[in-house]
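**Student:** Chains A and B, in that order, are what the protein sequence lines are.
The numbering used here runs 198 ahead of the 1-based position in the first sequence.
The numbering used here runs 34 ahead of the 1-based position in the second sequence.
It cannot be assumed that every hint is accurate.
What the hints assert, rightly or not - Taking lysine-lysine and the DSS-like style, the derived pairs with C-alpha atoms no more than 27 Å apart in a straight line are:
id, chain 1, residue 1, chain 2, residue 2
1, A, 209, B, 71
2, B, 102, B, 138
3, B, 105, B, 138
4, B, 138, B, 83
5, B, 103, B, 71
6, B, 105, B, 71
7, A, 209, A, 263
8, B, 103, A, 209
9, A, 263, B, 138
Claimed, not checked - Some chain B residues flagged as far from chain A (calculated, every beta-carbon gap over 12 Å):
id, residue
10, 61
11, 96
12, 105
13, 117
Please keep in mind that the hints were generated in silico from the structure rather than gathered at the bench.
Only a predicted model underlies this, so the values are computations on that prediction, with no experimental measurement involved.
Ideal placement from N, C-alpha and C gives every residue a C-beta, glycine not left out.
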Amino acid sequence: EAAVTQSPRNKVTVTGGNVTLSCRQTNSHNYMYWYRQDTGHGLRLIHYSYGAGNLQIGDVPDGYKATRTTQEDFFLLLELASPSQTSLYFCASSDLDRGPEQYFGPGTRLTVL
Amino acid sequence: GEQVEQRPPHLSVREGDSAVITCTYTDPNSYYFFWYKQEPGASLQLLMKVFSSTEINEGQGFTVLLNKKDKRLSLNLTAAHPGDSAAYFCAVSEPGYQNFYFGKGTSLTVIP
Chain A
199 EAAVTQSPRN KVTVTGGNVT LSCRQTNSHN YMYWYRQDTG HGLRLIHYSY
249 GAGNLQIGDV PDGYKATRTT QEDFFLLLEL ASPSQTSLYF CASSDLDRGP
299 EQYFGPGTRL TVL
Chain B
35 GEQVEQRPPH LSVREGDSAV ITCTYTDPNS YYFFWYKQEP GASLQLLMKV
85 FSSTEINEGQ GFTVLLNKKD KRLSLNLTAA HPGDSAAYFC AVSEPGYQNF
135 YFGKGTSLTV IP
């Protein structure tokens, strides 16, 4: 089973602050994803990547940047955080060659005051 | 693009009763179908997966039915117990396309 870890698990920042959320997967999956989860909206895809140096735009990318530095590591950057970005963020990974299932990390709860 | 509608958003049943959660989708090319379970305060865990044609999968007290003609996916819980209380999400994707389209989720409460 895929192992996906996220840090930090909880983060509080102020409006206008910079935040970086980290995700690491250790099963050599090629695809990685960032989602946000909000009540009434389910999971919404922010950005995803199919390899180091690659970045694809998801469904709700505004206000977010992402960077895939290695096959294992995928970062989500909020450069000017706003209260509307208060949410629960999940990272996930998958591999097209081994099956389409996505495996999720434990989540990061971000609060923007 | 694909639209996935999940019903009901909230479901409360008594222990031992059955429960049914349904997702409908719009894209006839959708090929992979998943159900995820999210316990309170936890991450999403893959519960079951169904591929391609009309198919029934059973396991962990759940049955998944896929009807591609009607573009409908259902998760049937035959005898609920309190440990089944969680949020359940369906997800749909296309072959060769790694992105998922998620339903908005169903919050299931099983009353002892």
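**Student:** Determine for every hint whether it applies to the structure shown.
**Tutor:** Here is how each hint holds up against the structure:
Straight-line distance between C-alpha atoms of residue 209 of chain A and residue 71 of chain B comes to about 24 Å, which keeps the hinted pair within the 27 Å bound. The suggested pairing of residue 102 of chain B with residue 138 of chain B holds, with an alpha-carbon distance near 20 Å, which does not exceed 27 Å. For a cut-off of 27 Å, the pair hint linking residue 105 of chain B to residue 138 of chain B stands: about 17 Å separates their Cα positions. Proposed proximity of residue 138 of chain B and residue 83 of chain B is supported: the alpha carbons are some 18 Å apart, at most 27 Å.
About 26 Å separates the Cα atoms of residue 103 of chain B and residue 71 of chain B, which keeps this hinted pair within 27 Å; it holds. The straight-line distance between the Cα atoms of residue 105 of chain B and residue 71 of chain B is roughly 21 Å, inside the 27 Å bound, and the hint therefore holds. Taken as a hint, the residue 209 of chain A and residue 263 of chain A pair is honoured in the structure, with Cα atoms around 17 Å apart against an allowance of 27 Å. For the hint pairing residue 103 of chain B with residue 209 of chain A, the CA-to-CA distance comes to about 45 Å; that exceeds 27 Å, so the pair is violated.
The suggested pairing of residue 263 of chain A with residue 138 of chain B holds, with an alpha-carbon distance near 24 Å, which does not exceed 27 Å. In this structure residue 61 of chain B is separated from chain A by more than 12 Å, as the shortest Cβ-Cβ distance comes to about 15 Å. No Cβ of chain A approaches the Cβ of residue 96 of chain B within 12 Å, the least distance being about 16 Å, so the stated non-interface status holds. At the 12 Å boundary, the C-beta of residue 105 of chain B stays outside the reach of chain A, the nearest C-beta of that chain being 18 Å off.
Under the 12 Å C-beta cut-off, the non-interface status given to residue 117 of chain B relative to chain A holds; the minimum distance is some 20 Å.
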